[in-house]
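Peer 1: Quick note on the working numbering: the sequence shown kicks off at 1 and runs consecutively.
Honestly, the hints are just simulated from the structure, not real lab data. Warning: the hint list may mix true and false statements.
[Unchecked claim] Pairs of lysine to aspartate or glutamate, EDC-like flavour, derived with a Cα cap of 20 Å:
#1 Lys278 x Glu312
#2 Lys323 x Asp281
#3 Lys323 x Glu370
#4 Lys39 x Glu126
#5 Lys379 x Glu312
#6 Lys259 x Asp288
#7 Lys218 x Glu250
#8 Lys57 x Glu92
#9 Lys39 x Glu124
#10 Lys385 x Glu284
#11 Lys392 x Glu322
#12 Lys122 x Asp78
#13 Lys259 x Asp199
#14 Lys254 x Asp281
#15 Lys372 x Glu351
#16 Lys254 x Glu222
#17 Lys278 x Glu250
#18 Lys150 x Asp139
#19 Lys254 x Glu284
#20 Lys315 x Glu369
#21 Lys214 x Glu250
#22 Lys278 x Glu253
#23 Lys226 x Glu253
#24 Lys122 x Glu102
#25 Lys150 x Glu125
#26 Lys259 x Asp227
#27 Lys122 x Asp156
#28 Lys259 x Asp281
#29 Lys122 x Asp111
#30 Lys39 x Asp111
#31 Lys323 x Glu304
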Amino acid sequence: DVEAHELRLAFEDVTGQDLNWFFNQWYFAAGHPELNIEKSYSAENQTVSLSISQVQKPTEEIPAIFQLPFRAEVYMPDGSRQSYSFTMNQREQTFRMPAAQEPALVVFDADHSLLAVVNYPKTEEEYAFQYRHAPTYYDRHEAIEQLQQKNSSLLDPIWTLALDDPAWQIRQMAVENCSATDANIQRIAQMALNDPRADVRAGALYRLGDTQDKAWLKVAMESITKDPSAAVRGAALSLIYDLDPYAALEAAEKLQNSKSSALISALAEIFAQTGDPKYLDFFESKFDLMNNFDGIGFVSLYAELALNVNPESIKRAADHLEKGALNANYMPWYRFGMVSALNKLHNGLVEAIIDIGPDGSQQLVQLDEEIKAKINGIKEAESDKRLKSMYKRFPSS
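Can you build the whole structure from these sequences, using the hints too?
Peer 2: Below, the structure is given as structure tokens:
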């Protein structure tokens, strides 16, 4: 077995450095540094300074002073930058860097390697500059996050730039948040077809749906026939449904053999609205495939369809949901979804009974009693303690 000091010696042989300090503070000691940073500029001395304080509360295990090698980058207004390396080894320290004019931005820990909690206030203008000029994903994401927290008006043009960000996560954020200018929506339409990341393509299709502009049907139709991602095809189907429900149903009919839970969920949204009992077969054929978190919404839509058909369909759905809820091969949350869907049938029947009145609702009353009996039977049979506790809320009325 290798002990910590042997590992340190091996690292020292490779690096040629004394690493006692590193192992002492990061391996043997507890805690982490907490830093307060203030930036100042002296035109007289032509220097920019970072004044850094370690403010973590020292204990027997947590050192008062962490030794912190770091790199700072000084950005001039024209976007040029200069890098400086330092080591902090005191409780409070000021680090000065030459700057012929006041910098537009100074980035602390430019490598983002310190395990520290850092409080370094910057202006909105500095964060906007940081997004445009700093090179790393962390820099750009931090800039956007901080501008969002400040509800800054400087975000609007940045969102437009971010539609072409190298990081798909930031492109996705931009698709969701950019203003709906003609230029932005046109760019989003291109992204729906051509972005290399499926998540972004799907998000772009959902954003196009917000416009309610039938001009984007062509984009959705191309996605649903050509995109290799089932999630994207599902988003395209949702867009088509928003713009032309009849066209969406026609497209959905051709996708019923899908085994993707994301696409099946999109199909379920459409079929549940039809009130057509023929789609009960679709739902029942997908029960095993939807044994995941998507399945919770799926079986709820199944119950919704059954409620929109007739009492025979409600009974049929109740039988299938009872069987699923008792299937130990299904994940617990999916089984919970089954019981929740049964409860949805129960609530729907209660509403119908109230609307019809006692004289014409005897069949529905009997059916509701059967469904409540199924729910209580499932509660009795369930061995999972967490599920048994959650089932106490059912039947809900």
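Peer 1: Indicate, hint by hint, whether the structure satisfies it.
Peer 2: We went through each hint and held it up to the structure:
no.	hint	in the structure
1	Lys278 x Glu312	holds, 13 Å
2	Lys323 x Asp281	holds, 16 Å
3	Lys323 x Glu370	holds, 14 Å
4	Lys39 x Glu126	holds, 12 Å
5	Lys379 x Glu312	violated, 24 Å
6	Lys259 x Asp288	holds, 10 Å
7	Lys218 x Glu250	holds, 15 Å
8	Lys57 x Glu92	holds, 14 Å
9	Lys39 x Glu124	holds, 15 Å
10	Lys385 x Glu284	violated, 28 Å
11	Lys392 x Glu322	holds, 16 Å
12	Lys122 x Asp78	holds, 19 Å
13	Lys259 x Asp199	holds, 19 Å
14	Lys254 x Asp281	holds, 15 Å
15	Lys372 x Glu351	holds, 15 Å
16	Lys254 x Glu222	holds, 14 Å
17	Lys278 x Glu250	holds, 14 Å
18	Lys150 x Asp139	holds, 17 Å
19	Lys254 x Glu284	holds, 18 Å
20	Lys315 x Glu369	holds, 11 Å
21	Lys214 x Glu250	holds, 16 Å
22	Lys278 x Glu253	holds, 12 Å
23	Lys226 x Glu253	holds, 17 Å
24	Lys122 x Glu102	holds, 14 Å
25	Lys150 x Glu125	holds, 12 Å
26	Lys259 x Asp227	holds, 16 Å
27	Lys122 x Asp156	holds, 19 Å
28	Lys259 x Asp281	holds, 15 Å
29	Lys122 x Asp111	holds, 18 Å
30	Lys39 x Asp111	holds, 19 Å
31	Lys323 x Glu304	holds, 18 Å
Hint compliance for this structure: hints 5 and 10 are not met, and every other hint is.
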